[in-house]
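Asks: As they're listed, the protein sequences go chains A and B. In the working numbering, each number is its position in the first sequence, counted from 1, plus 478. In the working numbering, each number is its position in the second sequence, counted from 1, plus 4.
No lab work stands behind these hints: they were computed from the structure. Be aware that a few hints might be false.
[Unchecked claim] Residues on chain A that point at chain B, a partial pick, calculated with CB under 10 Å:
#: 1; residue: 491
#: 2; residue: 514
#: 3; residue: 520
#: 4; residue: 523
#: 5; residue: 524
#: 6; residue: 580
[Claimed, not checked] Dumping the calculated DSSO-like pairs for lysine-lysine here, alpha-carbon to alpha-carbon at most 30 Å:
#: 7; chain 1: A; residue 1: 586; chain 2: B; residue 2: 46
#: 8; chain 1: A; residue 1: 590; chain 2: A; residue 2: 536
#: 9; chain 1: B; residue 1: 46; chain 2: B; residue 2: 18
#: 10; chain 1: B; residue 1: 61; chain 2: A; residue 2: 548
#: 11; chain 1: B; residue 1: 61; chain 2: B; residue 2: 18
#: 12; chain 1: B; residue 1: 46; chain 2: A; residue 2: 590
#: 13; chain 1: B; residue 1: 61; chain 2: B; residue 2: 46
#: 14; chain 1: A; residue 1: 590; chain 2: A; residue 2: 548
#: 15; chain 1: B; residue 1: 18; chain 2: A; residue 2: 536
#: 16; chain 1: A; residue 1: 548; chain 2: B; residue 2: 18
#: 17; chain 1: A; residue 1: 536; chain 2: A; residue 2: 548
#: 18; chain 1: A; residue 1: 548; chain 2: A; residue 2: 586
No experiment lies behind these values; they were computed from the predicted model shown. Ideal Cβ placement from N, Cα and C applies to all residues, glycine included.
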Amino acid sequence: GDSVTQTEGPVTVSESESLIINCTYSATSIAYPNLFWYVRYPGEGLQLLLKVITAGQKGSSRGFEATYNKETTSFHLQKASVQESDSAVYYCALGEDNNAPRFGAGTKLSVKP
Amino acid sequence: GALVYQYPRRTICKSGTSMRMECQAVGFQATSVAWYRQSPQKTFELIALSTVNSAIKYEQNFTQEKFPISHPNLSFSSMTVLNAYLEDRGLYLCGARVGLGGAETLYFGSGTRLTVL
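Let's have the full structure, built from the sequences with the hints guiding it.
Replies: Listed below in structure tokens is the structure:
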């Protein structure tokens, strides 16, 4: 079936450092799935951070970026300079039309001040 | 804005009993609702996708007999965990969205945390 593998946490970085959380996917039922990053801040619900539905394109939100790379089946999440408020759990997810997304294991990010 | 409320936030039930949880969409019409479970130390597993006027689609390892879902209108869905046992404990999330496409944004509630004694 379809699956997502992402960087195993926890990940700890210092404020203003760069960040990359790796995500690779395996889609057996569809050639070009929709790809998402969701985030769960402490005490809050799960929310969409960004999504990309076309291979080769990049999504961005709140300073985070992710590029849909069909050659490497990857969708890594990057940010040039993290802030303490970025501390959260990040989930890479894969979806296809007429179905709900499937999530990776989640990566807990802690940003030190 | 789009909001999704889930209740109860937390619940405890005895092993072998059943527990019903609800999901309410506010500010939009949820044509489809996805139910997930996050067991301890695991990710969010998709239980089923419920789309109005369509059959509910359950994932492997989850059945209607164990997790019956009701989706009577565009703002409400409920799911029951029947005969709950220890392995059913965890955080149950519902995600609601407008439209049928897989790229449509899912709006999640805060979840119902189930403890089984």
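Asks: A separate judgement is required for each hint: does it hold in the structure or not?
Replies: Quick rundown of the hints versus the structure:
no.	hint	result
1	491	violated, 22 Å
2	514	holds, 9 Å
3	520	violated, 12 Å
4	523	holds, 4 Å
5	524	holds, 4 Å
6	580	holds, 6 Å
7	586(A) x 46(B)	holds, 13 Å
8	590(A) x 536(A)	holds, 28 Å
9	46(B) x 18(B)	holds, 23 Å
10	61(B) x 548(A)	holds, 28 Å
11	61(B) x 18(B)	holds, 28 Å
12	46(B) x 590(A)	holds, 25 Å
13	61(B) x 46(B)	holds, 22 Å
14	590(A) x 548(A)	violated, 34 Å
15	18(B) x 536(A)	violated, 48 Å
16	548(A) x 18(B)	violated, 47 Å
17	536(A) x 548(A)	holds, 12 Å
18	548(A) x 586(A)	holds, 25 Å
In this structure, the hints that do not hold are numbers 1, 3, 14, 15 and 16, in rising order.
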